[in-house]
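Student: Got chain A sorted already, so can you dock chains B, C, D, E and F onto it with the hints?
Here are the chains, one letter per residue:
Number of protein chains: 6
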Amino acid sequence: MLDVITIGDALVAMTPTSSGRLRFVHSFEKKVGGAELNVAIGCARLGLKAGWISRLGNDEFGHYILQCVRGEGIDTTHVQLVDGYPTSLYFKEIFDDGRAGSYYYRSNSPTSTMRPEQIDEAYVEQAKIVHISGVFPAVAKTNREVLLRLVQLAKQKGKLVTFDPNIRLKLWSAEEARETLLALMPYIDVVLAGEEEADLLVGTTEPAEIFARFAQLGIRHVVIKRGERGAVGNRDGEVLDHPAIPASVVVDSVGAGDGFAVGYLYSLLQGWDLQKSLHLANLIGSIVVGVRGDNEGLPYLDEIEVYLGQKQRIER
Amino acid sequence: MLDVITIGDALVAMTPTSSGRLRFVHSFEKKVGGAELNVAIGCARLGLKAGWISRLGNDEFGHYILQCVRGEGIDTTHVQLVDGYPTSLYFKEIFDDGRAGSYYYRSNSPTSTMRPEQIDEAYVEQAKIVHISGVFPAVAKTNREVLLRLVQLAKQKGKLVTFDPNIRLKLWSAEEARETLLALMPYIDVVLAGEEEADLLVGTTEPAEIFARFAQLGIRHVVIKRGERGAVGNRDGEVLDHPAIPASVVVDSVGAGDGFAVGYLYSLLQGWDLQKSLHLANLIGSIVVGVRGDNEGLPYLDEIEVYLGQKQRIER
Amino acid sequence: MLDVITIGDALVAMTPTSSGRLRFVHSFEKKVGGAELNVAIGCARLGLKAGWISRLGNDEFGHYILQCVRGEGIDTTHVQLVDGYPTSLYFKEIFDDGRAGSYYYRSNSPTSTMRPEQIDEAYVEQAKIVHISGVFPAVAKTNREVLLRLVQLAKQKGKLVTFDPNIRLKLWSAEEARETLLALMPYIDVVLAGEEEADLLVGTTEPAEIFARFAQLGIRHVVIKRGERGAVGNRDGEVLDHPAIPASVVVDSVGAGDGFAVGYLYSLLQGWDLQKSLHLANLIGSIVVGVRGDNEGLPYLDEIEVYLGQKQRIER
Amino acid sequence: MLDVITIGDALVAMTPTSSGRLRFVHSFEKKVGGAELNVAIGCARLGLKAGWISRLGNDEFGHYILQCVRGEGIDTTHVQLVDGYPTSLYFKEIFDDGRAGSYYYRSNSPTSTMRPEQIDEAYVEQAKIVHISGVFPAVAKTNREVLLRLVQLAKQKGKLVTFDPNIRLKLWSAEEARETLLALMPYIDVVLAGEEEADLLVGTTEPAEIFARFAQLGIRHVVIKRGERGAVGNRDGEVLDHPAIPASVVVDSVGAGDGFAVGYLYSLLQGWDLQKSLHLANLIGSIVVGVRGDNEGLPYLDEIEVYLGQKQRIER
Amino acid sequence: MLDVITIGDALVAMTPTSSGRLRFVHSFEKKVGGAELNVAIGCARLGLKAGWISRLGNDEFGHYILQCVRGEGIDTTHVQLVDGYPTSLYFKEIFDDGRAGSYYYRSNSPTSTMRPEQIDEAYVEQAKIVHISGVFPAVAKTNREVLLRLVQLAKQKGKLVTFDPNIRLKLWSAEEARETLLALMPYIDVVLAGEEEADLLVGTTEPAEIFARFAQLGIRHVVIKRGERGAVGNRDGEVLDHPAIPASVVVDSVGAGDGFAVGYLYSLLQGWDLQKSLHLANLIGSIVVGVRGDNEGLPYLDEIEVYLGQKQRIER
Amino acid sequence: MLDVITIGDALVAMTPTSSGRLRFVHSFEKKVGGAELNVAIGCARLGLKAGWISRLGNDEFGHYILQCVRGEGIDTTHVQLVDGYPTSLYFKEIFDDGRAGSYYYRSNSPTSTMRPEQIDEAYVEQAKIVHISGVFPAVAKTNREVLLRLVQLAKQKGKLVTFDPNIRLKLWSAEEARETLLALMPYIDVVLAGEEEADLLVGTTEPAEIFARFAQLGIRHVVIKRGERGAVGNRDGEVLDHPAIPASVVVDSVGAGDGFAVGYLYSLLQGWDLQKSLHLANLIGSIVVGVRGDNEGLPYLDEIEVYLGQKQRIER
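Sequence order for the protein chains is A, B, C, D, E and F. The UniProt record's numbering puts the first residue of the first sequence at 1, with every later residue one more than the last. The UniProt record's numbering puts the first residue of the second sequence at 1, with every later residue one more than the last. The UniProt record's numbering puts the first residue of the third sequence at 1, with every later residue one more than the last. The UniProt record's numbering puts the first residue of the fourth sequence at 1, with every later residue one more than the last. The UniProt record's numbering puts the first residue of the fifth sequence at 1, with every later residue one more than the last. The UniProt record's numbering puts the first residue of the sixth sequence at 1, with every later residue one more than the last.
Hints are not guaranteed to be accurate.
One copy or any two copies: either way a pair holds, since identical chains are not told apart in the list.
Said to hold, decoys possible - With a Cα cut of at most 27 Å, we get these calculated DSS-like pairs of lysine-lysine:
{"id": "1", "residue 1": "K170", "residue 2": "K311"}
{"id": "2", "residue 1": "K170", "residue 2": "K141"}
{"id": "3", "residue 1": "K157", "residue 2": "K128"}
{"id": "4", "residue 1": "K159", "residue 2": "K276"}
{"id": "5", "residue 1": "K128", "residue 2": "K276"}
{"id": "6", "residue 1": "K128", "residue 2": "K31"}
Simulated from the structure, these hints should not be mistaken for laboratory data.
Chain A on its own, in the form it takes in the complex:
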C-alpha cells in the first residue's frame, strides 16, 4: 500500500559553485531535481509511503538518480533504465540579486519511451493519492497519452487525483499547455495552482471566479497559490484565505511549489481541515526557499512537528 504515487522526468541538476553568468562559472556540482520527484521526496521525508513512476537513461546519471531516489526511501519498482536516451539534465544559473536561470538538456527524455499501456493497473490500485503535474506532459508529446491513461485509471479505481499545473513556458507554449492540461480535468479531484497558472487555464486571477470555472469543469477542491499574499482554498464550498508564512531567509526559490504540494498532500492524508492544510502547505513552501537545492530543503517529519509545536526543538 502506498500513500502517494507520482509520475515524472527527473534531471541531474548541475549547480554552479559560484554566482553570476554561467559563461564565467568554472565548476558545477551534481544534484538531483524534477518537480514530481521533489513531491515524492517531500512525502517520503514526512513518513509517507511514496512511489515514483519514471524512466531514466541507462547511464551513469540514471544510476545516480536511481540511487538518490531509493536512498530517500521511495518505491522505485516502476522506474526503468533505458538504453539510448541520455538522462535529462539542466544547468542552474544563480545571481546574487535573486534572479536565476535554467538551461535544459532534456529534449530526448528517457520518459518519452513510456507507452500508455505500460502503466501498471495493480500499482495504481495500491495508491491512496495519484499526484501529477504539468511538467511531465511538457517534456515529451508522447507523455501526454501516458499521463491521461494514468489519471483515467486512478479515477476509475477511486483514487484521489491531485494536480499542480507547474506550467513551464520554456518547455511548451501556453496554447499547448492549456489544451493538454484541460483535457486532464475530468479526472482531477484537487487542483493546486499558482495565480498565473489559473489565469492561463481558466482565464482569470480572481479567486471566486477561478473556483467557479473549475467547478464548471467538475472540480470543487481548488487551492490558489498567491505568493506573498498566501493561498486561498475552496474545499467543497468552504473558502479560506490563509496568509503567507514569511521565510526567515530566501536563498533558492526552486521547489517552493513542490513543497506546498507536499504539505497539502500530507494534510489530506491526515484528514486535516482546510485551515490546517493550507498552514502546513504554506509552511513547507517557506521552509524550502531557505535552503539551496531543488529538494534539499524539503523538511523531515520531526522538523515539521517542531514547527507545528507538537515537539520541542531538537538541539543540533
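Tutor: Below, chains B, C, D, E and F alone, put in the same frame as chain A:
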C-alpha cells in the same frame, strides 16, 4: 588570407574533478572540446591563421565557447549564435587505469541549423587549406550536405582539402559513416586516417593495399596512423614509415589525432618533405597525450621549435 | 528472501582531497565505509538481495549512511538510528608512495547499543548466507555476544555462515581477536582469511597446515588469500591454488578483501566450482584496488560479465 | 612572565564548505576551535603574552593544532601530545537563516589524561590572570579535579582568576554544571556570564539580584552578557549598563563570548575602568561574529586601535 | 575603424575563494582586472569596437590575459608580450561586511617598457574616442610621457579624449597624482571624476565650483560622480543632476567607476543627450556592483536594452 | 642556545590545484617556501633548535608566513615585518611528465631592507651552526653585504659555517653568482654543492679536482651532490662515495637539496661519521621528493628513526 579553414560542432567538455564512475563524481569543470575546433586551435598556436565555421547556441555556453575560440586568435567571422538550439555538451569520465567514457548531449546541435547555400564562397576563397573530419557529418544528418558543399567549393577553387575520418560509432553506424564519407572522396586531396578507420572505409589494414584503394578513389596523398607503431605515409608514390615518438607520460588520450593533423597541416604549409611532416605530426600527437584536456596540450610554436632543436629550451 | 545478510558498524570515511600527512591537508570529502557494509554493497551490485543489520547514530551522518545504503538497494529494515551515540567516523590519510593511514572515531559505536536478544530470528530465517567479519566484534565488547547469537541462530537454521577474520590490530589486541574469533568457529562454515590472519588464528602460514587446523575446528571449507601470490582454497578436500589477477593500476587498497568476499559469496550462490569461485574472488579484489574509495570500485554485474567474457564490453 | 594562562580542550573544527543539513554537505575544511583556546588566541593577537595548558592526541590533528597555537605566538610549554586518545573533533553545520549545529567527537578527550598533581606551580606563578571556562570540566569528569587544583593554586598565589561559565548542555546536564561550577566559586575573582548561565548558576536573570547572589558567594566583580541588550557590570559596587555594539554583519556567532572575554581581560590588564572595559568587550564580541570561523575574527591590536580611535584606519 | 581606444596595465586578479583576512584564506582563483581594460571590455560587450594598447609579460599570465582580452572581442594588435617583466598581479581580500583589500605586485609593470615614440599614430587615427585613466601613469613613471604622447596625438588628430582620474593613493602620492594629471588637462575633452578626485585635482567638492575650475583649464564637459547621491554633469554649460540608481544587491564594488565610464562613452557615441547619458552611466555602475569580479558584471547590449525598456526581458 | 641559525627570504608558494600550463590553471593554494627557511623547518622537525633571520612584508602574507614558521617551532625573534615591501611570492607550475616552472614576484624582497650592521652579534653567539645559501644574496644586491657580515661574525665567534650554493640563474647571472659566492669562501667551513654548482664555482665536475680547488680556498670539508649517482664527501681528507637512496616515488623535486642539507647538519650536530652523515642526507633528500610541497615532505625525528632502524614503524 587564412592558412586553414575548418568546420565543426564544438562542445562544452564537462570534466570530472575526480576519477571513477561518474555516478560517484561530485563536481565537474567546464572546458571546451570538438575535433575540428581542436585542429583550428592547434594551427593557431603554431602561428597559422585559422578560421572556424560553426554555429553555437545563443546561450551562456555558446558565448563561453566563442570567447575561448576568439581568445585563441581564431577567426570567428563565420561563427553564429542561434536561438533554440542548446550548445552541445559532453561529460568526460576518467578512470585511473586509463579507460575513459563520454556522455554526449549534442542531439540538437546548433550546427544542424546550417544550410549548404549558406557556405560563403568568399570565405573559402581566402583559405589555403580546408580541413574536415567525420565528426561534423555524424552530428546531424543535415550537416552532410553542408560539408559536401564546402568541399566542392574548395575543390573548385583549387584549395587543398585535407580529411581526418574521425569515425565515432557512438554518433552514427559504420554503414552511415562509410557511405557518407566515401561520397566526399572525390573532393579530398589528403587523407589522415587511423588503421581501423581505413579498414572501415576501404576494407583493409594493410598499408600498400590502403594506398592502392585510395588511389582508385583518386587520392594519392594518404597517411595511416598506427598508434604505437607510428605512421606510414604515401605522398604521390613516395612511401615512408615513421616510428612513433613515445610520450613521456600519457594522461589523456583525447585529442591525439587532432594534434597529428595539426602537425601535418603545418608541415604542408611549410612545404616540408614527408619525413619531416610525419615527424612533426607524430611529435604533436605524443605531446598532446601528456596533458589533461581536449586541447590544452596542443603546443605553441616556441615549444615545437625547442623539440625540433631550432631553439633552446625556455626556462620556465 | 535474501541472499546474504551481514552485520557491522558503518563509518563516514572522511577522505582527504590531497595526499600527504593530514596535518597539511586542508579539505576532506564525506564518503561511506565499513567492512561488512562493503560486502553487502558488493553483493547488491551483482544483483544479489542483501540485507544489513546495524545501528547508526540518529544524527546527520547516520541519516547520510542510511541513504547511501538504501540507495545501493540493500534491505535496511534491520538498521536503527539511535540517540546519544555519534555515527562512527574515520579519516583516511593517503601517501603518494602507496602508504595510507586511518584515524578512527568509533569508540562509542552506535552498534554497541545492540543486544543479543534483539537479533530477529525471522530475519535470519530469510537469508541463504550469513556473512560476518572480525571488525564488528572488535568495535565494541558487547558486539561479541551479539555476533555469537547471530551465528548460533544461523547455524541452527541451517544457513551457510561465511567468515572473513578482517583482524584490525588498531581496534583490539591479537589475544582478544584470537580468543573472540575462535569462539565463533563452531558456527562457521566457510573461512576466507589472509595468510597472516590464519597465522594469528591457527598458528601457521602453510596452506596444508592451515587447512588441517581448521578441519580440527570442524571447518572444511577454507580459502587463504596470499596477496600477489593469489589464493589457495580447500573445499571439502579439493585443494586449488589460483594465481593472483594483477590489477591494471593500484590506487586504493582499502576494500580489496571485501571485494574478494563478494566474489566468493556470489560464486557460492551460483553453485560455481572452486576454480571459478577463486577466479571471480581474485578478479573483484583486483578491480577494487584500481578505484579510489572503500566501495566505489566494487563492480556491477554487467562489468563482471564483460570481464568473464559473458558479455561484450560496453562502450562508455 | 605571562599575562594570561588558560586551560582547555581544543578541537579540530570540521567546517562545511556549503550551508544546509550535513547529510547533504559534500566537503569540509579543517580549522581549529575550543573556547579557552580562543581566549588565548584573542589575547595573543592583542599583544598579550598568553599560555595554554592542554593535552592533544599524538596524532596528525594534535600536531596540526599545536602548530596553529604556536603559530599564534601562544606559549605551549604546557601542552603535551598523548598516545591513545584521539584529538577532539567537531563538525559544524551552518544554515542560511543563521541557525547552526555542532556534532562532537570528544568523548575521549586527551585532556582526560591530566591529573591535578601535574599542574605546574611554577607555571601558575608566572601568570597575572588565570582564565577558565565551564567547557573544560564538562569534557571529562577527571578534568574537574584538575581545574579545581588550578584555581586553588592561582588563588593561593594571589593571581586574578576570571571565569566564563560557557555552559554547553550537550556536554553535561544542568545539575552537573551547577554543582561543578559552584564548587569553583570560592577561587574565582571575576565572573563573565551570560544571562541564562547566571540563571542556571544563581537562579535569577535580574542583574541586581545576580550581583547580590554572587556577592554572597564572595564574588564582587561580575559582568552579565545580555546579547542585543548589551552587558551590565558590577565591579566592587560600581554598576554600569553598557549598550551592545551592533555588528555590521553577522555570519558566524560561534566565539562571540570568547571575544567578549578577550576584551575584558585585556582591559583588566590595562587597568581600564568599567566603562572602557565593557566597551572593548562588547566591541570584540561584535567584531567576531562578522567573520567565519571560531577564532579567525578575533582582532589584532592595530585593528582595535583603529576602532578605539587611537589609530588611523590602515588601508588594506 | 575603432570606436574607443584605451591604454593601461592589466593584472591577474587573484580572488579568494572565501572571505576574511587573507592570512586565513587557503585558495585563490585567477581572474583578470585593470581599470582601463575594464572599460574596453565594457565597451566591447555593448557592441562597440574597442582597442587596447598595452604590454604584458611574456609569461603564462601574460598569455592568459591576452586570451581573455581577445576573447572579449577587443582589438589587441597593439598589445605586446615582453620578456623580463612579470605580468602584473594583485590579490583581492573580501570581508563579509563589504570591506575589501588589495595587495599589488605590479612594481615592474611590463607597461614600463613602453616609450612615447612607440605610440602608433595610425592606430590613434582609427579611433573615435581615446579614453585614459590615472592608473596607467601611476603604475610606472615612464608611463607618464607615454600617456602624454597619446593624448597629444589624439588631440592633434581631433579625437575625443575622455578621462577618468581613477586616483589610487596606494600607487602614488596625492602630489604626484595632481601634478601628473593636471599636465594632461590641455588635451582632455571630457572628465568623469569622483567627488574626492575632483577635490584633489581642483580643490573643491562643490559641483558649480568644480565646473568653473575645469572650465578655466579649458574643459567644458565634466561629470562628477557622487556615489549614493548620483552624478552631476555639465556639458557645455548644460548642467544636470541625475539621481543614483540603487543596485538590487551590492557584492563587489570594484569596477563600478569603470562601468560608469562605459555607459557614458557608449552614450557619447550614440549621440545621446546628457540626461540619457547620465542615466546609462549610473545604470551600468549599479549593475556592475551586483556581480563578483572586476569586470564580470559589465553588461551586454541586450541586457542594457532590457533595462532601458527597448527589449523584453530574456528568459534565462 | 640554538643549534642552527639561517638567514633567507621566504615566499608564499602559490601552488596550482591542477597540472599543466598556468594559463589554463584556474585555482591556486597558498603554501610557504624559501630555501633557507626549508632548512630551518627540517632542522626543527628533527628536534633541533633552529633560528631564522629574515624580514617579511607587514601584510597578510607576511603574517601568514610568520605564523607558519612559529608553528614549526622555529625561533623568530630575529624576523621583522616591514612596511612598503610586499612579501615575496612565487607561482609553481607542474607538468605530469615531471617538468616544473616557477614564476617569481620577489624583486622588492622585504629582506632588501636589512643592513649589515643590524645583524645581532648576540644572536650569532647563541648558534652552533650558521647555515647559508646562495639564494639570499641573489634576491637583492644589498643582501650580499648582510650575508658577508653574518659569516664574518660567525667565523670570528668560532661557529661552524655551512654553505649550500643553491645557484638560481633566474635570479642572477653565473658571473654575479661566482663572484659573490667566492667572496664568502674565506668564512665557510663546510660546502654542500651540486655537481654543476661546483663547476660554476671552481670550474670542474671531477670530485678529486673539486676537493683540491676548495682546499686551495681553505675549505677541507666538501660534499658534492650528484643526483642519481649519490654524493661524494671529503671531510678533512677522508673521502667517501655514497650511493643515492632511490625514492619510492617522485612527485615534487623542489626542496630535495634543502632536505640533504638538513640531514647533513643534523649528522654534524650528532657527531656522526661521514658515512652515516651522507646516508642521512641522501635519505632525507629522497623522502622529500615523494611529497608535494616545498617543505611538507621534510621528515620528523620519529620517521627518521624508523628509517634508520632505531624505532619500529608507527602504525598510522
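Student: Each hint should be assessed against the structure and marked as holding or not.
Tutor: Status of the hints after comparison with the structure:
no.	hint	in the structure
1	K170 - K311	between (42 Å within a copy, 19 Å between copies)
2	K170 - K141	both (14 Å within a copy, 26 Å between copies)
3	K157 - K128	within (10 Å within a copy, 39 Å between copies)
4	K159 - K276	within (22 Å within a copy, 52 Å between copies)
5	K128 - K276	within (20 Å within a copy, 49 Å between copies)
6	K128 - K31	neither (29 Å within a copy, 37 Å between copies)
Going down the numbered hints, you'll see the structure goes against just number 6.
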